[in-house]
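Peer 1: Spelled out, the chains give:
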Amino acid sequence: MNFDVSNLYSATAEIFVAIMVLAIMLATAFARSIARGLAYSFVQITLIVAAFITYFTLDAGNDFAFHNMFVHDQPGGILKMMVYLSMMVALIYGRGYLADRKLDRPEYYLLSLLSTLGMMVMITANHLLVLYIGLEMMSLSLYALVAFDRDAVRSTEAGMKYFVLGALASGLLLYGMSMIYGATGGSLELPAVKEAVLGAKNGNMTMVLLFGIVFLVAGISFKLGVAPFHMWVPDVYQGSPTAVTLILSSAPKLAAFALAMRLLVGALPDLAGQWQSMLLFVAAASIVLGNFAALAQHNIKRMLAYSGISHMGFMLLGLLSGGGTGYSSAMFYVIAYALMTLAAFGMVVLLSREGFEAENIGDFKGLNRRSPWFALLMLFVMFSMAGIPFFVGFFAKFSVLQAVIHAGHLWIAVLAVIMSLIGAFYYLRVVKFMYFDEPVNNTPLKASGELLVMLSLNGMAIALLGLMPGALLKWCAEAMKVAFTVSG
Amino acid sequence: MEFSTFVFYFFAAVLIFAGLRVITARNPVHAVLFLVLAFFSASGIWILLSAEFLAITLVMVYVGAVMVLFLFVVMMLDIDFARLREGFWKYLPIGVAVGVLLTIEMGLVLVGAFGGKEMPAAAATITSQSKPFECTSNICELGRVLYTDYAYPFELAALVLLVAMVAAVSLTLRRRSGAYADKRIPPEAQVVVRHEDRMILVKMASEKEMSEEPAAPTGTRSGGTQ
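Those protein sequence lines, which keep their order, are chains A and B. Position 400 of the first sequence, counted from 1, bears residue number 400 in the working numbering, the numbering being contiguous throughout. Position 167 of the second sequence, counted from 1, bears residue number 167 in the working numbering, the numbering being contiguous throughout.
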């Protein structure tokens, strides 16, 4: 049997996280009195160690393991490390919030770690079956996390909505995969699918492939939360505890991006013309709908949800532009978005306290009087999301637009810019509330040390990456070049 | 027509009929029973494909365990099915239109691609890369593929089941608070108990005046340990 140890080397991070999940579960079951703190610190340690493992097992080329079902490549490595980072930051932000509401049961951290493992599996999948199992592992954990505040009606309702719609999306994705499987003569491995598609000259088979791609795009769009599959996003973001919204809005987007890259770019590059036009519609619809709907929101979580829809549409613009610049700009965008959304929901968590949910945009009124430093951080986040120059969001939008124009979709670039301008209104409204309005309540802000430090670091990262985006941009570009050997 | 072809069409017809009845039956218990029938006919088709182990598993796991659980749930939960069906006729035309359109389109695509062709044999798709020994039985072949080529998804599937378990427990398990939360009586409490703790005697007047409201009965109250 060709099952040697070197085969497992590249999958060390996944194996480590899986073992830690089991270890933490047993440890918290036996040490109930200290279970909360134990689970939290163990999960954080696991994420840090996994990041080191991922970094040091990363080679220049692509490593395969488990009979080619697993691939460890550069973009996968970067995305995985960003997933660890997002999860760590989200757990740090959410800790005090959960403790105030008696929600910081060890299962919360366990499910977070399991969903991280699911994302890692998705990111490194090289096989349709593995991709799907990773997706399910991530989604199932997230459904449970959304409904985690089980005595609150809106949390369980959000969980139910997310579960039913998520199951539907999984069904669509699976159906699409089965079509691809049928049309390529029974290949499940992504490179084999690519080969088979190249060989398929039969017109009828191409029809089946297209048919499958329609379902794949629908499934991916749902997971990314873009129009017209966005219906769940605002309700779920609003209904789930803010600490869970933090997780929901950041790391899974990175994993969904990996899903799109693996399926569309990795396995079906020869039908790029077809899925690009589908994504073009999806992206344009999300940018328009997301920005207009966000204008009308009074609830900050709903506003950020709609803004997330438009951001994901923007990211898809990079993806559909194709070529090295397109893919790397999309990757840069999704990483930048994860940073921004973490900081934004981190601020919402900060303003909430025991028995009070800071949910209205009005709760930001007069934040400058209450805490100039946090107001400044929020200003960074809002400016960055609006795409105002010299914040990371600007460079993300800029590189995507460059790729879009390079690909020849001038009108869609113009549309995206106009919609960003409209979007700037609701971001700047928050800034106006913070600096020019009287505070509604003057309760002093209570931030634990780690929340203060992490939120400051996060805000500074948004500002600094805006001043020096070159390194990350280059990193993304080189990773994409190696992994997909794309030109341009 | 070969006999096996006849058997296939027979099972397929029963399967489709049962599947339709699952969604059209008015009585939910009947719907579950039709689902059982559907599983039986599907397992018949699998036996025709000489996947006898999977067929038996389908019957044992789905019919034996899952469906019985389903029946219990359907019988025990008091679901108002009339209310669930409220919007049925209102949405029916749109649903039927979209469904028929989708079915026609799918039919055109799929019949165009796969119609009139020999399907590849099912066994051909599961070719193991490592063949240290020859397998004759279904279970042997499945087991070998599962633990060698498909070891990774197999382990991942186990973790998905773990997710389901952790999620279900964390969403539903409630620890009762207060004394004797787990319905267990500590023996030390039984030993030290005094009769004053068990029974409280309340003195009451034997007669009540007519003008007073009838008071709530406060008689003897027995303590926790007995």
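Derived from the structure by calculation, the hints contain no laboratory data. Among the clues, some could well be false.
As the list claims (entries may be wrong) - DEER-style ranges, computed between Cβ atoms: (1) A:M460 <-> B:V66: 46 to 56 Å; (2) B:V169 <-> A:G37: 19 to 29 Å; (3) A:Y9 <-> B:H30: 51 to 61 Å; (4) B:G64 <-> A:M460: 54 to 64 Å; (5) B:I94 <-> A:L421: 32 to 42 Å; (6) B:G64 <-> A:F356: 46 to 56 Å; (7) B:V100 <-> A:M160: 53 to 63 Å; (8) A:N360 <-> B:A13: 38 to 48 Å; (9) A:A272 <-> B:V169: 21 to 31 Å.
To be verified - Covered stretches of chain B (chain A as the covering partner; in silico rule of three or more C-beta atoms under 8 Å from a C-beta of chain A): (10) 90-100; (11) 154-160.
Virtual Cβ for every residue (Gly too), placed ideally from N, Cα, C.
Peer 1: Now, for every hint given, state plainly whether the structure supports it.
Peer 2: These are the hints, each one checked on the structure:
1. One distance hint, 46 to 56 Å for the beta-carbon pair M460 of chain A and V66 of chain B, holds here, with the actual separation near 53 Å.
2. As the Cβ distance of V169 of chain B to G37 of chain A is approximately 20 Å, the hint placing it in 19 to 29 Å holds.
3. In this structure the supplied range 51 to 61 Å holds for Y9 of chain A paired with H30 of chain B, their Cβ-Cβ distance being about 56 Å.
4. G64 of chain B and M460 of chain A have their C-beta atoms about 60 Å apart, which keeps the hinted 54 to 64 Å range intact.
5. In this structure the supplied range 32 to 42 Å holds for I94 of chain B paired with L421 of chain A, their Cβ-Cβ distance being about 38 Å.
6. For the pair G64 of chain B and F356 of chain A, the supplied restraint of 46 to 56 Å holds, since their beta-carbon distance comes to about 51 Å.
7. The hinted range of 53 to 63 Å is not satisfied by V100 of chain B and M160 of chain A, whose Cβ atoms lie roughly 30 Å apart.
8. Range check, N360 of chain A to A13 of chain B: about 59 Å between beta-carbon atoms, so the 38 to 48 Å window is missed.
9. Restraint check, A272 of chain A to V169 of chain B: a C-beta distance of roughly 45 Å breaks the suggested window 21 to 31 Å.
10. Counting residues of the region 90-100 of chain B whose beta carbon lies closer than 8 Å to any beta carbon of chain A gives 0, which falls below the threshold of three, so the coverage claim is violated.
11. Closer than 8 Å: that is the beta-carbon criterion, and the region 154-160 of chain B has 5 residues meeting it against chain A, so the requirement of 3 holds.
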